[in-house]
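Asker: Quick mapping for you: the protein sequence lines, in order, are chains A and B.
Okay, so the first sequence: first residue is 1 according to my numbering, each after it adds one.
Okay, so the second sequence: first residue is 1 according to my numbering, each after it adds one.
None of these hints come from the bench; they were simulated from the model.
For every residue, glycine included, the Cβ atom is placed at its ideal position computed from N, Cα and C.
Please note: incorrect hints may appear among the correct ones.
Claimed, not checked - Straight line, CA to CA, 27 Å or less: simulated DSS-like cross-link-like pairs of lysine-lysine:
| id | chain 1 | residue 1 | chain 2 | residue 2 |
| --- | --- | --- | --- | --- |
| 1 | B | Lys297 | B | Lys350 |
| 2 | A | Lys7 | B | Lys202 |
| 3 | B | Lys202 | A | Lys192 |
| 4 | A | Lys152 | A | Lys182 |
| 5 | A | Lys193 | A | Lys247 |
| 6 | B | Lys350 | B | Lys271 |
Said to hold, decoys possible - Take a look, some chain B residues computed to stay more than 10 Å from chain A by CB distance:
| id | residue |
| --- | --- |
| 7 | Gly21 |
| 8 | Thr31 |
| 9 | Gln46 |
| 10 | Gly71 |
| 11 | Gly109 |
| 12 | Pro110 |
| 13 | Asp149 |
| 14 | Arg162 |
| 15 | Ile207 |
| 16 | Lys234 |
| 17 | Glu241 |
| 18 | Tyr242 |
| 19 | Met244 |
| 20 | Ala290 |
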Amino acid sequence: MAIVFQKPQALTDNLFHYCPGCTHGIVHRLVAECMDELGIEGKTIGVASVGCSVFAYNYFKCDMVQAAHGRAPAVATGVKRANPDNVVFTYQGDGDLAAIGTAETVHSAARNENITVIFINNAIYGMTGGQMAPTTLPGQVTQTSPYGRDVKTVGYPVKVCEMLSQLDGPCYLERVSVCDVKNVKNAKRALKKAFQNQIDGKGFSLVEVLSTCPTNWGMTPENAISWLKDNMIPYYPLGVYKDREAKEENK
Amino acid sequence: MSDKVLMKGNEAIAEAAIMAGCRFYFGYPITPQTEVAAYMAKRMPQIGGTFLQAESEIAAINMVIGVSSAGKRVMTSSSSPGISLKSEGISYLAGCNLPALVVNVERGGPGLGGIQPSQSDYFQATKGGGHGDYRNIVLAPASVQEMADLTVKGFDLADKYRMTSMILADGTLGQMMEPVNLNIGEVKSYDKPWALTGTGCKREHNIVNSLSLLPEELEEWNLEKFERYAQVEKNEVMYEEYMMDDAEICIVAFGIASRVSKNAIDEARSKGIKVGLIRPITLWPFPAEALLRASKKAKAFISVELSMGQLIEDVRLSINCSRPVLLCNRVGGMIPSPEEVFASVLEADKIGGEK
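Using the sequences and the accompanying hints, generate a full structural model.
Answerer: See below:
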């Protein structure tokens with residue numbers, strides 16, 4: 001009997017703790033498939049952040065370090081500078097990367113650190129029970145914006161890819177989603193490129209993955225996907241925001 | 001030709017770190033320790049090391065965590081407000097059992113404070129500084145030579161016990177220039193099977209982590225740490241005794257305060273007052289036994305410090321509050337003068353002897 005689909009080698013046998021319909025499951029699988037296909041599991045070091053994915057060190061088979069909230073890109077900078085031959089990635093949520101970790105995100109990009117940053121944007125703080133994130137949409141109800149995000153008092157969401165694209169430093173920035181099969185395949189392509197860039201020494205690559213949080217959005221997984229398509233994608237358009245390689249090829 | 005070089009304290013730390021095999025420095029400018037970063041910026045590229053001026057002291061300590069978890073010697077330096085910023089990272093270093101060297105060239109506080117010397121980060125350094133139960137090895141140099149020697153020692157102890165060594169200096173030591181011998185001899189290297197180097201698909205993955213949601217497990221981790229700390233307390237206490245053989249008054253002071261105190265002691269001795277100094281070199285582990293021994297003969301102690309009274313608490317604890325302990329102190333960047341210390345000695349001398 002032929003095996004047509006199996007769990008990637010780079011994932012451990014530990015059962016994920018994620019909620020039903022949580023897209024972390026998909027993205028973990030895609031990252032592990034990248035490690036398998038690029039043959040880099042043995043030389044990869046992952047930096048787990050603080051959020052629902054804090055236990056990523058239990059799910060990936062590569063060496064892992066668990067970083068303080070927001071600081072994963074700084075820890076990754078240290079790991080990569082110490083062991084340049086290792087492939088170093090961070091896996092961060094929207095609070096980690098775009099609130100407390102903004103400085104570390106911006107500066108590791110500006111320095112063009114040769115690392116791969118995976119940014120899970122689900123417009124909410126999942127682990128702590130559904131509070132407002134820097135990426136929470138105007139009008140979106142969360143535990144700390146119970147009447148809907150009011151731009152008059154708390155301002156507007158942060159568009160990470162757009163913001164970082166203003167810097168000369170980073171090599172590659174793309175926003176993708178995992179809301180249907182076509183987008184999952186596209187997300188995989190982007191993640192693989194983000195890893196390949198590092199292997200080729202090209203510099204800082206970040207993939208922003210628009211994701212769902214059915215539990216804290218108060219929706220079924222299916223409705224959450226619809227909500228993402230109807231609300232998040234218009235606000236956070238998918239696409240490539242920076243690709244120094246492509247730009248140089250076109251010269 | 002002498003083996004000694006005239007160096008600034010801050011630079012001696014940097015060069016000694018390099019001699020000790022440190023090839024990674026992350027820092028941020030802050031007075032009065034910016035020379036450490038400036039020196040490293042020049043030296044590291046010369047020897048294929050890494051110097052990186054981080055975006056903040058917080059980023060710097062997290063870069064330290066990264067290099068340390070990858071198994072290499074690494075350091076950062078800052079001054080008081082910057083060390084506060086690093087507190088979370090220092091707690092994480094302890095939680096993850098990672099070795100590192102952190103240098104604090106203290107300045108006046110609290111808040112933005114001043115740029116002149118102080119010793120008012122003593123509590124922060126010796127009681128952990130960040131959240132949770134942990135200790136740092138705290139080394140207090142009192143000369144440029146010790147700035148170098150204790151840096152080398154700090155790296156060794158950090159690797160040996162898998163914890164942070166903190167050099168607790170002050171602005172005076174950072175800025176002063178003295179001859180220093182940088183021949184440090186052989187540097188011991190330690191196996192780090194726990195380090196993150198890539199599994200090569202040949203071993204189980206290593207995880208550097210401080211999180212456990214299981215209280216039984218987290219308690220075990222804490223207990224194991226403190227077993228290691230007990231070894232440090234048993235084996236690594238360092239102090240200097242000056243004129244203590246027949247001392248009736250015992251001064252306790254470290255860093256610049258100890259140098260001022262020696263001047264006062266010499267003056268007092270010339271007047272027939274039997275005063276001596278115990279100078280802690282490790283502030284943690286504290287030389288409690290030495291003080292307790294001294295309390296058998298001494299009628300009074302004097303804590304000389306550049307703070308509102310932090311070292312004095314450990315002096316009182318060490319001697320079980322069995323003798324009066326006077327405080328001779330200046331703050332805000334002021335340094336006690338030999339005259340002020342001498343006046344304290346006279347005060348202490350008035351105290352009645354054994355009853």
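Asker: Does each hint fit the structure? Answer for all of them.
Answerer: Status of each hint after checking the structure:
As the CA atoms of Lys297/B and Lys350/B are separated by approximately 16 Å, the hinted pair is consistent with the 27 Å bound. For the hint linking Lys7/A to Lys202/B, the alpha-carbon distance of about 20 Å falls within 27 Å, and the restraint holds. Restraint check for Lys202/B and Lys192/A: satisfied, since their Cα atoms lie roughly 24 Å apart, inside the 27 Å limit. Under the criterion of a C-alpha separation no larger than 27 Å, the hint pairing Lys152/A with Lys182/A is inconsistent with the structure, at around 37 Å.
This hinted pair checks out: Lys193/A and Lys247/A have alpha carbons roughly 15 Å apart, not beyond 27 Å. For the suggested pair Lys350/B and Lys271/B, the alpha carbons sit about 14 Å apart, so the restraint of at most 27 Å is met. Chain A leaves Gly21/B outside its interface by the beta-carbon criterion, the shortest separation being 13 Å against a cut-off of 10 Å. Distance to chain A confirms Thr31/B as a non-interface residue, since its nearest Cβ pair spans about 22 Å, more than 10 Å.
Every CB of chain A is more than 10 Å from the CB of Gln46/B (nearest about 17 Å), matching its label as outside the interface. Remark: the non-interface label on Gly71/B conflicts with the geometry, its nearest Cβ contact in chain A lying 7 Å away (cut-off 10 Å). Listed as a non-interface residue, Gly109/B keeps its Cβ farther than 10 Å from every Cβ of chain A; the least gap is roughly 24 Å. Every C-beta of chain A lies more than 10 Å from that of Pro110/B, the closest at about 24 Å, which supports listing it as non-interface.
The non-interface label for Asp149/B is consistent with chain A: the shortest C-beta to C-beta separation is roughly 26 Å, beyond 10 Å. Interface exclusion of Arg162/B from chain A stands, the closest Cβ pair being 15 Å apart, more than 10 Å. In this structure Ile207/B is not separated from chain A by more than 10 Å, as the shortest Cβ-Cβ distance comes to only about 5 Å. Distance to chain A confirms Lys234/B as a non-interface residue, since its nearest Cβ pair spans about 31 Å, more than 10 Å.
Against chain A, the non-interface label of Glu241/B holds: every CB pair exceeds 10 Å, the least being about 41 Å. No beta-carbon of chain A is positioned within 10 Å of the beta-carbon of Tyr242/B; the least distance is around 41 Å. With a least beta-carbon separation of about 44 Å from chain A, Met244/B lies farther than 10 Å from that chain, consistent with its non-interface assignment. Taking the minimum C-beta to C-beta distance to chain A, about 38 Å, the non-interface status of Ala290/B holds against the 10 Å cut.
Consistency with the previously given hints fails for numbers 4, 10 and 15, ordered from lowest to highest.
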